[in-house]
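Trainee: FYI, the numbering for the sequence shown is 1442 to 1887, going by the numbering used here.
Among the hints, a few may not be true.
What the hints assert, rightly or not - Okay, derived cross-link-like pairs now, SDA-like style, lysine to any residue, Cα gap no bigger than 25 Å in a straight line:
id, residue 1, residue 2
1, Lys1496, Arg1519
2, Lys1468, Lys1487
3, Lys1486, Phe1464
4, Lys1521, Ser1581
5, Lys1444, Ala1479
6, Lys1750, Phe1772
7, Lys1487, Glu1552
8, Lys1486, Ala1540
9, Lys1768, Ala1479
10, Lys1489, Glu1516
No lab work stands behind these hints: they were computed from the structure.
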Amino acid sequence: MMKETSLYLGELLAQRRVINQTFYSYKQNLDENNRALAACLRLLKKAKSNGTEEKAQLMLFQAKNAAELVEAIRENTRFKADDLLLLLQLMLSRQQGAAADVIRALVQCKEHTLQLLAGQLHLARVTTNGQEPLSPSFLSVLAKDNVAACHVFLLAGYYHNTLMKTLSIAVNNGENQALVDDSEWESYIENQPPLSRLYLRVLLTATMSQVAISKVANKAENTPLVLLEQFVEHAYLSSHLFEIFIVSLDEISLTRVINRLSTWLDDASAPECLDEDGSKQNRQEPLIFAMALSGYSKFIPFLARYLQKPDYSQQAFTALRLILGDKLDQFIPLAIQFASDEEQRLTDLSYYGAKILGGWQQLLTMNPAAEKLQAGQEIGLEQQTEQVPVQEGIPARLFNGLPITLDNLETIIAQGSLLHRRYASLHHKALAPQQSVSHYLSVIGP
């Protein structure tokens, strides 16, 4: 019985990986997968072992306290990191006190992988605004010993709306003071490693966008173009932090960032560190993704042109699907969008770029700045700040075919595809920075 349950558990985890990566999986698929996984975990908790090997496998599911669970995690080599994170969430979802104990115990371990798991488990917890932040002493220890885990805890503070409180205590050396003057903020940030400084500047700017941006003292260090250069320097354009950065920008700042990325597509002008990825295609992908994640409808014709290029058809399709959602079905038949033959699907998708381009050019008025941006040319400051006129009835920003508002984002989070739900949480946090928002890896519902 135990063997069959373990095999079924492996199948469900494989199914979950597919669910998380597709546009045609919805919350119902996620909930059904969660219920099946939870049933497996209940069976394994009551299962009897017939040997040493089976007993070792059951340790993870039958641990009675945080110490036993941490030891079982330490000995576990069966599950991938993402699968283990999911299982721990399901096991601890109804025991918030036990979850906190497990996180503390993992942080106190010497193994960096366990400390990183502690941060990921903390980030994925569904929390409330009243939650107390994790002890700042943990953050200080991790900042010196395990920078990667420290960054995950910073992300958790951003999503849980505890970042300001936790950092205020850290800056004040343990004194619980809500206010920190500008010089103290800047001194604290400057004493961190370079990548940690980028995390702090991006997250603090995003957190305080509606409150007191002057709290982060040296404003020149926080301008979007300076931060963009740091993302490039650290090869961090594919990171979750870059997603937060893009969503937090207003239209003028975003246009400047898009313009700078487009100029770097020219081999001669690209920073040397950007060339470490090798191909020009790798430098195009962050540009396509930034336009998609921003949701601005003025970028749809640009993405339609990328759809016509075989090397970028998949990225452009993903981008258009994020922005337009079901509205994309008006231009591209579903049979082509989700055809099983990947090579033929990409070939067919490229044919529909002209149809989308023609349709949207009738709805949107393109200006010279937009044309230059698509061509990868430098745009002057006056042109950068120029808005693309939008006809009545066409929202300036779209996500899953809906205007980006809190009500629409909540609808997408409840009913949208898994990929749309992931990025809807980013937009929700940007629109309501003082609210706690569930991270996309959080287990929603039982």
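Trainee: Check the structure against each numbered hint from earlier and tell me which ones fail, lowest number first.
Mentor: 2, 3, 4, 7 and 9
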